[in-house]
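*Asks:* The lines below spell out each chain.
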Amino acid sequence: MLSDRRPILLTDARIIDPSRDLDFIGDLLIAEGLIREAKRGIGAAGVPEGTEIIDCRDKVVAPGLIDLRAFVGEPGAEYRETLASASQAAAAGGVTTIVCQPDTNPVIDEPAMVDFVLRRARDTAIVHVHPMAALTKGLKGEEMTEIGLLKAAGAVAFTDGARSVTNAQVIRRALTYARDFDALIVHHTEDPNLVGEGVMNEGEFAARLGLSGAPKAAEIVMLERDVRLAALAGGRYHAASITCAESLDVLRRAKDNNPNITASVSINHLTLNEIDVGSYRTFCKLAPPLRAEVDRVAMVEAVASGLVDAVMSDHDPQDVENKRLPFAEATPGAIGIETMLVAGLRLVHNGEIALANLLKAMSTRPAELLGLPGGSLRPGSIADVIVIDLDVPWVLDRAQLKSKCKNTPFDEARLQGRVVRTIVSGRTAYEYV
Amino acid sequence: MNIVQKPTFVLNQRHLLGIEGLSRDEIVGLLDRAEEFVEPNRQIDKKQTTLRGRTQINLFFEVSTRTQSSFEIAGKRLGADVMNMSVGSSSMRKGETLIDTAITLNAMHPDILVVRHYASGAVDLLARKVDCSVINAGDGSHEHPTQALLDALTIRRNKGGIEGLTVTICGDILHSRVARSNIILLNTLGARVRVVAPSTLLPPGIERFGVDVFRDMREGLHNADIIMMLRLQRERMSGSFVPSSQEYFHYFGLDERKLGFAKPDALVMHPGPMNRGVEINSSVADGAQSLIREQVEMGVAVRMAALEALSRNLRNA
Chain A
343 MLSDRRPILL TDARIIDPSR DLDFIGDLLI AEGLIREAKR GIGAAGVPEG
393 TEIIDCRDKV VAPGLIDLRA FVGEPGAEYR ETLASASQAA AAGGVTTIVC
443 QPDTNPVIDE PAMVDFVLRR ARDTAIVHVH PMAALTKGLK GEEMTEIGLL
493 KAAGAVAFTD GARSVTNAQV IRRALTYARD FDALIVHHTE DPNLVGEGVM
543 NEGEFAARLG LSGAPKAAEI VMLERDVRLA ALAGGRYHAA SITCAESLDV
593 LRRAKDNNPN ITASVSINHL TLNEIDVGSY RTFCKLAPPL RAEVDRVAMV
643 EAVASGLVDA VMSDHDPQDV ENKRLPFAEA TPGAIGIETM LVAGLRLVHN
693 GEIALANLLK AMSTRPAELL GLPGGSLRPG SIADVIVIDL DVPWVLDRAQ
743 LKSKCKNTPF DEARLQGRVV RTIVSGRTAY EYV
Chain B
433 MNIVQKPTFV LNQRHLLGIE GLSRDEIVGL LDRAEEFVEP NRQIDKKQTT
483 LRGRTQINLF FEVSTRTQSS FEIAGKRLGA DVMNMSVGSS SMRKGETLID
533 TAITLNAMHP DILVVRHYAS GAVDLLARKV DCSVINAGDG SHEHPTQALL
583 DALTIRRNKG GIEGLTVTIC GDILHSRVAR SNIILLNTLG ARVRVVAPST
633 LLPPGIERFG VDVFRDMREG LHNADIIMML RLQRERMSGS FVPSSQEYFH
683 YFGLDERKLG FAKPDALVMH PGPMNRGVEI NSSVADGAQS LIREQVEMGV
733 AVRMAALEAL SRNLRNA
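Taken in sequence, the protein lines are chains A and B. If you're matching positions, the first sequence starts at 343 in our numbering and goes up one per residue. If you're matching positions, the second sequence starts at 433 in our numbering and goes up one per residue.
One or more hints might be untrue.
Pair by pair, the computed Cβ-Cβ distance ranges are [unchecked claim]:
1) S552/B to T508/A: 25 to 35 Å
2) E651/B to G576/A: 15 to 25 Å
3) A551/B to D524/A: 49 to 59 Å
4) T497/B to G576/A: 33 to 43 Å
5) A386/A to G692/B: 28 to 38 Å
6) R725/B to D524/A: 54 to 64 Å
7) E643/A to M706/B: 53 to 63 Å
8) G375/A to E651/B: 34 to 44 Å
9) E651/B to E394/A: 47 to 57 Å
If you want the footprint, here are the derived chain B segments under chain A, 3+ residues with CB under 8 Å [stated by the list, open to error]:
10) 621-635
11) 669-678
Just so you know, these hints were derived from the structure itself, not from any lab. Glycine included, every Cβ here is placed at the ideal spot set by N, Cα and C.
So that you can see chain B by itself, here it is in the shape it has in the complex:
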């Protein structure tokens, strides 16, 4: 008698540095595996043993609440020993270079490093200097792969799939790693991606990313299935990139009126943390069409899937 076993999904790389470079099968594999973690995560006993004996270090050079705690919970639920290092207490403050920090940590033989850094490309640089697996938890304005994966999982669970959906990403595209990772992932899975922003918040050449570019919410949201709002950093809304938070909200903030431009069953997402009254108002953020809380839940499941997939590639695994 043959036991038909579901083929174990394999991630063909040591690190997860970006959505770019992942195949369609790898993305779908990660999402399928994450899906399987959702229910166990809702049980009273959540502990698993896949990563028992492994050491996971969360190395954050930029403040983070939800991403860092999400990775910490994901690692602990898989049985890893998790340690958090953030910039405030690290020797980077004492002048140590990124490379020296990497070499120092590497000497302690961690198995997985989860790294966030304010500079684009810094996580990639660090990954080349260590022997363990590295997950990019966000590098500058470049990539944030687990955010794009959790967004995709959330969409898939609510819309049954991603192919053929119209997804509009609104706001500070210029500085957003979330936007870049999402554009690549959603295009790979066959969604139609749009971006909407004032010209000052659009990177030059964005039209060549495989997106339709709009500078007006009415046009950009027309017939959209999914609306992804992005956070606008405070220092960018007082005259440097946009004149004021009032003007930004007036033209680009998501309220009921603008939500009405999208399909009636459109769903609203935000990677957090939100500026209520700047890019989104409270009644939309907390309303029936909002997926924002579900995104946080899916974040843990997706990160468990990523940690597990990488752990299988470890030297002695």
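So that you can see chain A by itself, here it is in the shape it has in the complex:
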């Protein structure tokens, strides 16, 4: 395999490095798994013998994406997704680091499970994989996990995945305890009691479809609770998936007083709204649900301004048995790791967000939040790099997606731009031909 790791020179590219706010035309040299140089005119003369030279004229070169939230079914639901299949999808989507979630079976709530995932990933995945560990034992929301030992084993953050911890005392103690280990707590802010039977955003559209609604307050109330507990405990807190314009008011106020608070939004909530549910499309059934257009617009602005730190895929493979059901009975979730960037490019082409800001929220900020290498093209950084053709038009065919499940809300979407090469640790992991 070492022979694959020839040096690579990407020439005449538009190099975007969000970690240094750089956007220029130049060359990027990769050798021994690291970025060596990124500047104008390195040229073929100045590179080691045997260097693979790739013409990137009219293409963008950027740091590989780091997806903060992807469900991978390994262990326990390998029929939905494995670390191998998720990593194939990730590489095709320009994601060079997957942060997988602990809501597997068994749950990743002890150090041996972290070790298992890291070993399986090392042996089967073609991109980097870092697990988050469970915040509470068995995801029951009652007793905190071994945060110190799990972090030492390699868990990058602590979360109960798509479950919210309703007991405020548990969250307070976990934040207090996690502070001693400088561990990040990631929390899904959706009060299950307020969501109740709700299956889509509460409001006129849900009423017309005859579906019970999940109120925005389910998110806002829990986020407000959490940021106050985080201020009390002093630990690092990250809201896993916020969706409402009013949540941004809570977040803005919290961030003004507390630098330890951060938040993510899913690509789905940036590019889709409740109208996309249309005639009961279960691939658009998500948790939290797709919101109103005003919420979507506010979330995009918040990513552009940096108020919301990161954009993640919320990748959640569900097979047809879970989706080919009446809307209320279908399992929520959509795949997204492979389409995260191209969906985001829609916003760029529509003039809703600058490309550099989008890339920052998908690479630099996630790396900073989790203390991971990557997210930067600074010389000496790990050579996780993607090459993007911003303009190529294409139509998404879900059968072509690499994920084991095909529950994408973007099936048959007309898209513009795609990842043409994904380099992981200096090796090409994906190439579009």
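For chain A, the structure is supplied; the task is to place chain B on it using the hints.
*Replies:* For chain B alone, coordinates are given in the frame of chain A:
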């Protein structure tokens, strides 16, 4: 010819409810007197007569083995009639309130009540309703004065004094009456006190107790003369305050490696009962630097000194 007599030490209060409120002289006086009981306690004939005719009732609303037996032996060696009442057999189980129990016992004219209660402040409440002297044998998470005194006596005998020593108290500070009493006493006698614990086991505002606060054993034990380990209750180590006993031992349990952070002649203490393998491992607990058995011995001497000092203040004494 003048006979120079050592001035008799006087405790200026009817009860011993806490270290808080004791003067430096009172603490030193109690320790000096306790010191004098150590040797007689090692003799075959240990009986004295200071408390002859007095009635001492040990009233324990919380299970205790060593404190209760220590007070019982202390009273008996001083010649008192000692009676034990524990919650299992008391009328508290039948619904009697704390105050009614106090009034009932008071009617029997005891001279000294030794009381342990699971609620902070309960011993103080009871003391206001009785005519005799009350010794607090531990109230909730508030105070355990005789434990702090016996710890101080043990340190003094091994280090020659307390002033200037660095004492690190490790573990469940939040729920510990032993920690609170020790922090006050050691500060009064001029030690530098540190606490080490995970944040979940530190009470808010602890930094204002006159202690240096650490959350890491390496820093907290650095250059320490004395290491006091505290017991972690089982129900607190399975996810509510700390995730597990394994993780707790890994980061906060005292083993040889962590003991190595302290001074080479550092001494190890524990109020008991120990959870071996949770807050302390066996080789340290039983090792050459351990004072744990001596603490138990000093407990009897300190309690004799306290009983004697209070008995002098009794109405007809």
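*Asks:* None of the hints should be skipped; say for each whether it holds.
*Replies:* Taking the hints in turn, this is what the structure says about them:
{"no.": "1", "hint": "S552/B to T508/A: 25 to 35 Å", "in the structure": "30 Å, holds"}
{"no.": "2", "hint": "E651/B to G576/A: 15 to 25 Å", "in the structure": "18 Å, holds"}
{"no.": "3", "hint": "A551/B to D524/A: 49 to 59 Å", "in the structure": "37 Å, violated"}
{"no.": "4", "hint": "T497/B to G576/A: 33 to 43 Å", "in the structure": "39 Å, holds"}
{"no.": "5", "hint": "A386/A to G692/B: 28 to 38 Å", "in the structure": "58 Å, violated"}
{"no.": "6", "hint": "R725/B to D524/A: 54 to 64 Å", "in the structure": "40 Å, violated"}
{"no.": "7", "hint": "E643/A to M706/B: 53 to 63 Å", "in the structure": "59 Å, holds"}
{"no.": "8", "hint": "G375/A to E651/B: 34 to 44 Å", "in the structure": "36 Å, holds"}
{"no.": "9", "hint": "E651/B to E394/A: 47 to 57 Å", "in the structure": "50 Å, holds"}
{"no.": "10", "hint": "621-635", "in the structure": "holds (count 3)"}
{"no.": "11", "hint": "669-678", "in the structure": "holds (count 8)"}
Of the hints listed earlier, those the structure fails to meet are numbers 3, 5, 6, in rising order.
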